[in-house]
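Student: If you want the building blocks of each chain, they are given just below.
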Amino acid sequence: QQQVKQSPQSLIVQKGGISIINCAYENTAFDYFPWYQQFPGKGPALLIAIRPDVSEKKEGRFTISFNKSAKQFSLHIMDSQPGDSATYFCAVYNQGGKLIFGQGTELSVKP
Amino acid sequence: EAGVTQFPSHSVIEKGQTVTLRCDPISGHDNLYWYRRVMGKEIKFLLHFVKESKQDESGMPNNRFLAERTGGTYSTLKVQPAELEDSGVYFCASSQAGLAGKNIQYFGAGTRLSVL
Numbered sequence: 094q095q096q097v098k099q100s101p102q103s104l105i106v107q108k109g110g111i112s113i114i115n116c117a118y119e120n121t122a123f124d125y126f127p128w129y130q131q132f133p134g135k136g137p138a139l140l141i142a143i144r145p146d147v148s149e150k151k152e153g154r155f156t157i158s159f160n161k162s163a164k165q166f167s168l169h170i171m172d173s174q175p176g177d178s179a180t181y182f183c184a185v186y187n188q189g190g191k192l193i194f195g196q197g198t199e200l201s202v203k204p
Numbered sequence: 102e103a104g105v106t107q108f109p110s111h112s113v114i115e116k117g118q119t120v121t122l123r124c125d126p127i128s129g130h131d132n133l134y135w136y137r138r139v140m141g142k143e144i145k146f147l148l149h150f151v152k153e154s155k156q157d158e159s160g161m162p163n164n165r166f167l168a169e170r171t172g173g174t175y176s177t178l179k180v181q182p183a184e185l186e187d188s189g190v191y192f193c194a195s196s197q198a199g200l201a202g203k204n205i206q207y208f209g210a211g212t213r214l215s216v217l
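Taken in order, these protein sequences are the chains called S and A. Going from the first sequence to our numbering is simple: count from 1 and add 93. Going from the second sequence to our numbering is simple: count from 1 and add 101.
Please note that the accuracy of each hint is not assured.
[Said to hold, decoys possible] As a list, the in silico BS3-like pairs of lysine-lysine whose alpha-carbon atoms are at most 30 Å apart:
{"id": "1", "chain 1": "S", "residue 1": "K164", "chain 2": "A", "residue 2": "K145"}
{"id": "2", "chain 1": "A", "residue 1": "K145", "chain 2": "A", "residue 2": "K179"}
{"id": "3", "chain 1": "A", "residue 1": "K142", "chain 2": "S", "residue 2": "K98"}
[What the hints assert, rightly or not] Far from chain A by the CB rule (all over 10 Å, computed), these chain S residues:
{"id": "4", "residue": "L104"}
{"id": "5", "residue": "K135"}
{"id": "6", "residue": "D146"}
{"id": "7", "residue": "K150"}
{"id": "8", "residue": "M171"}
{"id": "9", "residue": "Q174"}
{"id": "10", "residue": "S178"}
{"id": "11", "residue": "Q196"}
In short, the hints are calculated from the structure, not lab data. Backbone N, C-alpha and C define an ideal beta-carbon position, used for all residues, glycine too.
Isolated chain S, as found in the complex:
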């Protein structure tokens, strides 16, 4: 069963625009919600993460919004740049430490 559902699968945004990627999860036991960024030929790298006791976390142009009651969280990339073009994965994990990933979103930012 798929515990984390991510959308959209692909996204094309103009330079300077806002990129929004959404994730929904099922199990309320998860207690850490990271986003990973992956460039071609590289492994996923932690971009930003949030814990369920806050509703929003911002780091530079990247913001996570978290809705605990709806069991949803999203990544917003403000002023998107061509260098942001990559695959983005949302993930969840609990005390066990195992990451459960969404399907990934291929973001393309056009100049």
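Given the coordinates of chain S, work out where chain A should sit on it, guided by the hints.
Tutor: Chain A alone, transformed into the frame defined by chain S:
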């Protein structure tokens, strides 16, 4: 400091053959994880080592997969015999000791396995 290193970067084998993937974690990281991404799908957990012990191997697909971690350092993942559905990208990640769920997992670049 070196990151997580995986070898080979790409392996092409025929169905029925054996392949061994290797992962060298970041020095001093007790936690080592294996994940796999099949084409276009999510990255799926395979197993988790704490030092040389298997902490969780609930994601291992079947007994054709064997993971080891010698002396709590590098790890190998052997597939024997390989089947077509084993094709995908195999990632290794490592994190520091302590509560595994609270530590950042650092990923290697992955091994792309193609079974023909």
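Student: Take the hints in turn and mark each one as holding or not.
Tutor: Hint check:
no.	hint	verdict
1	S:K164 - A:K145	21 Å, holds
2	A:K145 - A:K179	17 Å, holds
3	A:K142 - S:K98	11 Å, holds
4	L104	15 Å, holds
5	K135	5 Å, violated
6	D146	14 Å, holds
7	K150	15 Å, holds
8	M171	24 Å, holds
9	Q174	23 Å, holds
10	S178	18 Å, holds
11	Q196	5 Å, violated
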